[in-house]
Every structure is written in structure tokens, then in C-alpha cells.
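Number of protein chains: 2
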Amino acid sequence: MAAAAVPPAAIATSTASHRDPTSPNAATTQPSKLANFTRAEFEDTCLRRFFFGLAFDPYGGTAGLWDLGPPMCAMKANFLSLWRQHFVLEENMCEVDCTCITPEEVFIHSGHVERFNDVMTRDTATGECFRLDKHLEDYFEKKLGTATATTPATDVANWEKLKNDVGSMTLESLQQVVDQFKVLSPKGNPLSAAFPFNLMFKSMIGPEGTKVGYMRPELAQGIILNFKRLLDSNNASRLPFAGACVGQAFRNEIAPRASLLRVREFTLAEIEHFLNPADKRHQKFSRVADVRIWAWNMDQQEVGADATMHTIGELVASKTIDNETLGYFIGRACLFLQKIGVRFLRFRQHRRTEKAHYAQDCWDAEILTSYGWVECVGIADRSAYDLTAHSRGSGKELSAREEFDTPIVVRVLDRKINKGVMGKAYGKDTGAITAAIMNLSDAEAKAMEATLASGAKGSVTLPDGRKIDITREVVSFVEKDERQTGRNFTPAVVEPSFGIGRILYSVLEQAYWVRRDESGKNEKRAVFSFLPVLAPQKVAIFPLMMKPELEAPVGVLRDEFVRAGISCRVDDSGAAIGKKYARVDELGIPFAVTVDYEADGTVTLRERDSSKQVRVPKTEVVGVVVQLCATIEPRTWDSVIAAFPEHKSSA
Amino acid sequence: MAAAAVPPAAIATSTASHRDPTSPNAATTQPSKLANFTRAEFEDTCLRRFFFGLAFDPYGGTAGLWDLGPPMCAMKANFLSLWRQHFVLEENMCEVDCTCITPEEVFIHSGHVERFNDVMTRDTATGECFRLDKHLEDYFEKKLGTATATTPATDVANWEKLKNDVGSMTLESLQQVVDQFKVLSPKGNPLSAAFPFNLMFKSMIGPEGTKVGYMRPELAQGIILNFKRLLDSNNASRLPFAGACVGQAFRNEIAPRASLLRVREFTLAEIEHFLNPADKRHQKFSRVADVRIWAWNMDQQEVGADATMHTIGELVASKTIDNETLGYFIGRACLFLQKIGVRFLRFRQHRRTEKAHYAQDCWDAEILTSYGWVECVGIADRSAYDLTAHSRGSGKELSAREEFDTPIVVRVLDRKINKGVMGKAYGKDTGAITAAIMNLSDAEAKAMEATLASGAKGSVTLPDGRKIDITREVVSFVEKDERQTGRNFTPAVVEPSFGIGRILYSVLEQAYWVRRDESGKNEKRAVFSFLPVLAPQKVAIFPLMMKPELEAPVGVLRDEFVRAGISCRVDDSGAAIGKKYARVDELGIPFAVTVDYEADGTVTLRERDSSKQVRVPKTEVVGVVVQLCATIEPRTWDSVIAAFPEHKSSA
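Respectively, the protein sequence lines represent chains A and B.
For what it's worth, the working numbering labels the leading residue of the first sequence as 1, then goes sequentially.
For what it's worth, the working numbering labels the leading residue of the second sequence as 1, then goes sequentially.
Among chain B residues calculated to face chain A with C-beta under 8 Å, some are: (1) Lys-202; (2) Arg-264; (3) Val-562.
None of these hints come from the bench; they were simulated from the model.
Where is the CB? At the ideal position from N, CA and C, for every residue including glycine.
With the hints as constraints, model all of the structure from the sequences given.
If you want it as C-alpha cells, here you go:
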């Protein structure tokens, strides 16, 4: 399945057109796997050129902890710079930088302490632990592999369905599957009862050893708890606006696997867009209405149908995507992913059974890799869940205010509190109890009024968890008319969350191909066809030969590139020029300049994907590469070919 | 004390000249505190405009955990971009991105589990914990405050000395001071015996709960453990080269304090420069030899003398700075800090008693703040400590090779191992024991030979800590001549480590000043005079009045700035233009464009520090601001004043 929003024109005018010529046409086909992709070769290239590697390698490494080497690290910096330009700058967002260490109360009230679990099981003989859904996926995968012509078709269909469904099942349902099929451990031993395992890393804050903290598993809570400060300090109290944050997140995965795709520490870039839940339109929606995406909605998934291509406008109009703002960010995310060179992309809606406890509607941007379609961006309407939870948890009002065009008269439930009685009965808790009563919803207040009227006691829960009895003497609720000029409300939040490691890994796979050696020797050579904006370094500089008189001009050129902010790589080794090209193709460096003995003041400039070379005056080459690598409206290679004479390589 | 390396010419050509006119001349004076600085006013501005704020504020915050708000966050991104340009790009470093979570064995072998401690004490009545050195500092500070004319001068001198020395004392010495002066807790209760507290946050990796991990307290180990991969994959096995890393570090401080200066989570930017310990020259040393710094060496500190100004060349020649490479990075760090606008800077050498367990020589770049001189960059020669420790710890050889120009003949101690005996005696440990014997230094081998010759048993220690007896039957050491074409050696490491939060906080304080209102109303207005390259946003855009016909040109201008990569802030509120200028001065935005009704196609462009305005054609203003904010050779405001007509404000 492929990103449809790249018009053929855009491909023709970018160097992307020179990528693996065997790749499917992104606009019309829907591959189920990457063409001509051999994972072992790909991984060998990545490890050998140190795109990434297992962290703490001399000690044998630790599962799920990976370091990024220089090429990937430069790509990450480029990614973040483009991301900030595309989202923070263009959308005028407020970026914050929040801590990873988070005190326990935050995740108690957000629901993570109770619910951020994976279901686990243990081999009762060896003590080894597994994630139960993954274990059952493998189990049914194997079972399907053993099916023969005589296996009943209903069985096969059932196994297929279970294999697809276990990923979104509850603990109880997973246990039922284990019991029904008498599933054993990989070593053939009985499994323990399924149990929940909290994925947050836990530590202690401060020297006393009494204050629990967690390493955040997502960035959302940090941004959301800054809502009031952002509203007051930076937005003249106006909604909607968005907070953004980039940083590390941590999940103590039970079974890290699939290289950079399921890891224990990773970088996220998250946005929390705060808006009025009664008005989820987006001012700039028209700018993305025509963006076309492959969408796989929950109903299609339930019945086993394929994804289909639509514009964002159609999907919002049909309510397939819940609202304009959610649609806007799906469209913006799609444009961003295309900008950095993602080719095979689809948007999958979360099914009813798998949605997070806070989500009203959620779509994942999935990118095709050799491991299948991988969730790389989650775009969720979290409704007012978080701010409501933290407002209750902290006892602080986390709301915004909307002024009406004309005042309205509404029937309200007035809370008549007897302060004298309160003070005597509750002492220093009076303030907290009063706040709790005032914060009751109208429905809750009506229910309490009915309870109190019947002579029974009501109750409220304080932020610290204590339940306090409330009697008739303390409060009564009376309906009355009230003139209102506006209202306070708890904003809803639409959250696009980008998993940077997963996206970059997917781009690595999609940009990878192998070509025959230019010299015709049939040697296979790896190439990463990154777009120039994302490429780890933009240009390589070579002396044609290892001669002292070429050293100075190479050094001068390097300094000029560095001053122009163009990262470059000099290879002044004694290797043949063809070998040098192969080395930088493996790093995905899009352009190479070779300095030779020509007396006409020119150098050769080579483009990676086409291997074509032109002769460019030394005085112009830095400027040309700057244009080719521009973030906005880069110059096309075709225009360079048209402007300068071709160079026929003798190498 | 001030950075001397800013020549007056450089000041005159940058907008820095317009900063607080009461500030001391950076080149010739040595302030002991910031002039005209009121911390309460400064903090109010920082919190109100959300430069930073206590994290998880609705829950009351947690000591030592701070969030950065939008202005500071943008400055951090600018800082990192400049840092990468100045170090990674210009010096051709290999940047890696390493995980925060680190398995225990790494910090066992680096020495952190045993030695990364602060000395703590506890109030035996209340259980409250203190950092003992800080508590004693406060104790002697108070004691000095109570000294009168009749207090013996020797006592006063002694208290003064102890106050300065406790920061670099051992646990035993600190305990002696407590005993001698019968020091009590702040509440007047007896103190517990001093005890060490490890500052690393501890957690468990994986679901089994058996594998201990720590959140890294520095980035060094991650880079150093990638040494071999960087050497092989990116440097054609040539030394010297440097690895770099930017990321979070964590220290469970006993007593977080001083705003962003002593916190529990912070961002570091570290460099590990690997070099041959026998040759610590630096190829580009001449480029920094003339950089002048205020240097405070260990001898000056011992005798209570002041820092003095010298060139890096002088300091290395006199061996005050241990070697050229250390001097090179001190010079580069100085140039970088000046580039981002640091004005009062000195370099302090670590005293013999305070040097870290691995450091051969260490200098801190200290920046003047209202809390005194604050260590912001540490530049240490860690010698071969880390690679040696990890080589022993992991059993992997972490060395580089040097080829000699001409082969040499050396007298070596040959290790004759009896493999048959070894295999029988040690079984599966044979390999590890053989490696341990081969890794013995010549001195160790000689000592063992003497032991074995005397009929006693020798021993080696395996990476897992077991001590294994070695007998005469297993090995003997015999001197012989050997022809060597090169040698393997363990590289030394020079490490510049930048504390980004501390540097940015210090820049905030040094850039802060208060001016009288331009309208002459005598209202005090806060200004942050950040250099354009570091400023959170580069330009503010205002319509002169809140009129619909000015909305479109403001929107067009904003889009043009965003496309040019210039971050901007639109204020289209109804506030008076003077008020709008004051709002953006408080954010340190260096330039402001006001769109008015002039029919000649011009807008006004205002510079923050001088408050001067010029009229610039609308078509040119984006280009002019791009030039003013350029990272390399920015245009000066004076040249803009000279090129365009002045605008006399009517506001």
C-alpha cells in the first residue's frame, strides 16, 4: 500500500525519481512487501557503516537498547530540524522540553500505573517470560504452517482470525485462548496464568528512598501539565493552540525485537493540540482536504477488506475520520512523511477493542518494512481525558474560557454550601471538600441532591483518594436561572505522536537498493537513496588521486562547504575513484565532487542515484549543492544536468 | 572575571554593543558579581514568560525537575545547531546517539557504582537528609557572619579556609570537621555519621526483575564503548578522532537548588577525543594559540590568588595546561561560548584533591551568575582510564594501532603458556585466563615471574571478578628480543562536556537588563539582549493598528519569514505598539517589523537593544533580517542603519 499524495510531477522533479527503478509506482499500487529486499544484506550494510548498533557492545549488548551511529545521528538531527520547520514553525506551536523522570502521582492520575501493561506469561519450568499476545501470534503462525489439505477449512480460518486478533485482546480473552488450545511455552512446558506487567521503568527520586518516580513512556503528560502556563504566557488565553515536545521515552518491553522497531528507549516528537471539544473544526483544513491517503478504517479491518484511497476531505465528510482537526493532522503527517522520502504509507484506524483508554478516535500512520506494516505515527483524539484526570488528581482547575457572542440564560444547579457547618465538621479539609463539591458535574450534583433528600449520606472523593461523607446540613442543590457571558471548559486534545527511530528505520529500508557496479564488473553495491534534505551528509569530496598538489584545493573546498552549512565527507585515501563512490553511496550521500587536474577551473559533480556527472566551475559548485539540498524548493538534478556540460567518467 | 578573547572590534560590529551600557568592559575588568542584577525581578520575568518552570506544576512540582518553556526551548535548539556546526561539522567529529538506560556492568567497571557518590548526613531526630559539604559551607558561612571584633583572626581565617575547602574533601575529612566543631543539623539535632550516597537513578531492565540498570549520569561511557566501531567504520582506523553525543543525563541530587543550576535531569553535549597518549599535540593548535582566557590554576587557588589573563599558547608552553590537545579544546570552548554571547567567563583548573578518579588534568569553564561562578563546561584529560577499565571489564581489546616509520627491536617478556595443563586445570575458563595473562603489563608479568620462581602461586582477576590462582606449570615469562613494526595502544581521551541548561541559564542572567520605558514614563521594562543566533525567535511582526486591511500584509510577511527559516511571532492584539515592543523585548527577540499605512511600500524595522528604527522596503525586509541573523558573518545593525532611512517613532 502506498502513499498516494505524491503526484507524478513531484517525483519527476526530485532526485527520488532515480531511486530503485524496480520499485512499484507509488501512486497506483499497494505492495505487501518491499521489492528486492534482502534483510541480511541490508543489516550488514547498516552495522558495517554503523547506522546503528546494539548499545554497550563490548559487554555483549542489552536487548532493546540501540545506539545510533554517525550517519543515523545526522539523519535524526535533519529529521528534527525538518519536523520543527513543518510543525512548530509553520503551525506556530509552543515547544516545551519536559523531564523524563516523572513523579508517581502524574501516572496514577493519567491511568498509566494501573493500565499501561502488557499481558505476560512465564514458562513454569524455566522461569522465562513472554509477551502473551506475541507468543500466541507465533503459535498460530506455526499452526497455519502445519495445515495440510486435510485440515478443515474452518480451523484454518479460525487460526488465521485468532492470529490477527490476539494483538488487541484483553488478558481474560488471551487466557481463554491459552486454555482452549492448551498452548505451551516454546520449550514445551506449561505456561503460568496470564498476568499484567507494567511497562514503565521505576526508580526512586531523592535520597530518602520514599518518593517513587517513573521514566515517562510517552511525552504527552509533560506537555499537558504545562497547558495552563502555555495558555497564559504564550497565547493570550486563546484556543486552539498546540504544545510540542521532542525527547526520550522508555518502555520496559517484555520482548524487544525487530531491530529498531521494538526497543526499550526511543525518541518521540509529540504534539498536543488543545481545542474546544464543542468545535473541532480546523481553520486551515482546506489546505489538506485534497491530500490523498490510503486509509484502512476499523470496519474494513473487521471484515478483512483492504485499505482504499481517499482524500482527507472525503474521509472527514463521511465521518470515517471523526473530525476536521484529527483529519488536518493526518493530512499534515502524510505530507511530512512524504517530504522526508517515505514511499509506502497507509493510515490504519484503531479498532474498537484496541483503542487506548483515553482515545475517542485514533489513526496510525503505518510504513511498510520487511517486518510488515509498522506503526510509526499515532494520531489520536484523546478528548478531554487527560486534563480532566489531572484536574481531579491535582485539585487544580485546568480549563479554558470561551466568551459567548451574546450572553445566555441557563438553568443551573446552584450549590448552597453551609460554610459554618463545613468548617466545624471538616477543619483543614474544608477547602478541598468545597472544591470537590463545586467540581461535581450537574448529573453528579443531581444524584447527590436526591440522595441527601432521601435522608441518606452522599460522598465526594478528594485528590488524595480519601472518600468524605457529605450530609444534608452541609450542602443543598437548587435549580435556578443564571445569565452567563461565557463558560469554562476542559479542552480536548488531538495528539500526533511521531516515533522517530521507527520512521528513520523504515526510511532506511525503503531507501535501500543494490546496483551493479558501474565498471561493469557485476559487483553488487548497496545504495541508500535518501532525499538530500534527510541525507546524513550532503556532499563527498575526493581528490582524483592521492597527490600533494590536490590536497590544498580539497581542503579549501571542504572549508567552503562547512561555512555554507553543508556537511561533507572527505575521502583522501588511495582507493580508486569508483570505490570511493561506492563507499559514499552506502552512506546515502547524494552528491560527490571530484577535484582533478583540469586547468579550466572546473570540478566534477556526481549525483548518487543516476551516477551522472557534470563539470561545474569550482567557484559555483558550493552554491549549486546548497540549492540542491535546500529544505524548501530544492533545485532539481535535471536542471543541473541542463545547465552544465556532462562529464564522461574514465574510472 | 571576563572573557578576554572578544576583541573590541568584534563587539563594535555586533549588536552586543547595545547591551546593558552599565556592564563592565569585558576585556579589562573582572567583576565578582553581575551589575544591576535583581534576581527576584529576573525570575519573575523568566517564570511569567515561561522560559522555564518547575515540572509537573499542578502537582506542586518536584525539586530538581524543571521544564523549559517555548523561548528557552527554541534557544536550546539554536544552541545545539550552533554547537554541532562549531564542533561536529567544523572538527569532523562522529556524533553518536546513545541510550540513557545503561546496564550495571558498565558503571561497575567505569567506577561509578563504587565512587559516584556525594557524602550525606541525616538529622537523627527528623530523618531529613543533607549533602554534608553544602551543610558545612552554610555552617561556616553563618559562623563567619557572627564573627565580631573580638573573634581571634586565626579563627576567622580557619573558618574561611574550611568553607572554601569542604567542597573538595573526602568523607573522612568531612566527618572530622563535624566532630571537631560539633556541628548540628539546621534544626539543632545531632547528625548521623557521614555516609556515601550514590547519585545514579537505579531501575530494573526487563520483566524478570534481575538485571539492574542505571540512568547515565554523564554521556562519556556511551561514546567510549563505541570507540572500536567509530574507529573501524568511520575513520579508516586513524587517530586522533572524536566522538560526540548530545542527550539527557540524570543525577539523583541530594539537595537540588539554585534554579536550573543543580538539577536532577539535564542535557549534556559531550565530546570524547581519542588520541595517542604518547603524542598529545594537536594539528590545529596554532588556530587557538592566541585566544586569551582568564585562567585560575590550581596553585593560584591554593594560595588564594586571583585568576590571570593569558593566551592558550602561553598556558600550554608553561605546562599550566597539561598538553596541546587539552589547550585546543579549552580555546575552542572559549570561542564557542563567546559566539553564543557569554560575557563573563573564566577557566578554573581542578585542584589535586577534587580531581575525578580518572582525570589527569581538568579545567572548568565557569560563567558568572548571581549564584557566583558556575561550572558550565568541564574539559578533562581522562587519560586512558575508561578504555583500559572497559577492556579489562569486558575482556574485549579496545585499542588502536600505531605503525612505526621504521621497525624497532625491543626486549619483551614472552608469555609461554602450557595449553595442555591450562585446559585440564581450568576447563571452560581457559580462554579468559589466557587473555588475562596475555593482558598483564610487563611490570605485572615480571612480578608474577618472580612469585612463580620463588615457588609461590600468582593470580589473575577475570572480568567477572573471580581471582584465579596461577602456578608454575601453567606459564613462564622469558625475556627476548622482538622486531616490532608497530604497536597496539589504548588511546587516551580528552573530554569537553557542556552542561546545556547551566550555560543557557547563565546566558539568560548575563543578557538580562532593565531599561526605562521609551515613552519616558519611567516604567521599568525587562530586556534580554540575546545575540540573534541564539534568540528564541528572530523577528516580531505587528500591524500598527488592529485593522482588517493590515491583516493580509502581516500574514504574507509571516509566511515569507517562515519560508526563509526565520522564526517569528505575530502580535495582532489591540495593545499599543510600545507595549508590543516591551513584550518582545522581554522574550529577547532582536528585531521587530511594524506594518503600517505608508503608501511607499516600506515597513519599519526596529532593533531591540538600541530601540532604533529604519524604514525598509517590504520586498527587502526578509532578506535583511536573514542577513542580520546569519550564523556565520551576520550583517551588523550599523550597516542597516547606514543603508536605510531612519524612522522616528511617534509611539
